[in-house]
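Novice: Sequence:
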Amino acid sequence: MKLLRGSVLLMSILALSNVSAQDVRAQDIIGEVKNKFVKIDKDKDNSISIAEMNELYKNEINKAGQPKGDMFFWGLDKNEDNMVTLEEFALKPDWKLARKRAKENLKKAKL
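According to mature numbering (1 follows the signal peptide of the UniProt record, and there is no 0), the sequence shown holds residues -21 to -1, 1 to 90 in order.
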């Protein structure tokens, strides 16, 4: 019986230490995302503008010939309010949305 209790206790401790290690890693990732966001947000308004995103990418162009800054911005700006919040920045870019917005902006430029 003591052996069983000892085994259960050991397994519980190991499980908790594994969760703690995962929590620490998650906190590290959150910290990295926040630090990157703060570096890009030059005017410190708690959002990233398309100009700030383009400043980061310095006129880099993707394989389709589109500015990388624009594409990342449009892919991250999920609610299409022309600013990227920390919550949006933490997510993966929506490339389908980015291509849609690139087409819309190309049409506007031709008018």
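Treat the hints with care, since some could be wrong.
Derived lysine-lysine pairs resembling DSS-like cross-links, with alpha carbons at most 30 Å apart [said to hold, decoys possible]: (1) Lys71 with Lys42; (2) Lys37 with Lys57; (3) Lys18 with Lys71; (4) Lys47 with Lys23; (5) Lys89 with Lys18; (6) Lys89 with Lys23; (7) Lys79 with Lys89; (8) Lys89 with Lys15; (9) Lys86 with Lys13; (10) Lys47 with Lys71; (11) Lys57 with Lys21; (12) Lys42 with Lys75; (13) Lys71 with Lys87; (14) Lys23 with Lys57; (15) Lys89 with Lys13; (16) Lys47 with Lys21; (17) Lys89 with Lys57; (18) Lys57 with Lys82; (19) Lys42 with Lys18.
Hint data in this document are derived by calculation from the structure and do not stem from the laboratory.
Novice: Hints first: check each against the structure and report whether it holds.
Specialist: Hints, one by one, checked against the model:
no. : hint             : verdict
1   : Lys71 with Lys42 : 19 Å, holds
2   : Lys37 with Lys57 : 23 Å, holds
3   : Lys18 with Lys71 : 18 Å, holds
4   : Lys47 with Lys23 : 22 Å, holds
5   : Lys89 with Lys18 : 34 Å, violated
6   : Lys89 with Lys23 : 33 Å, violated
7   : Lys79 with Lys89 : 16 Å, holds
8   : Lys89 with Lys15 : 35 Å, violated
9   : Lys86 with Lys13 : 34 Å, violated
10  : Lys47 with Lys71 : 15 Å, holds
11  : Lys57 with Lys21 : 21 Å, holds
12  : Lys42 with Lys75 : 15 Å, holds
13  : Lys71 with Lys87 : 26 Å, holds
14  : Lys23 with Lys57 : 20 Å, holds
15  : Lys89 with Lys13 : 37 Å, violated
16  : Lys47 with Lys21 : 18 Å, holds
17  : Lys89 with Lys57 : 25 Å, holds
18  : Lys57 with Lys82 : 16 Å, holds
19  : Lys42 with Lys18 : 26 Å, holds
Hint compliance for this structure: hints 5, 6, 8, 9 and 15 are not met, and every other hint is.
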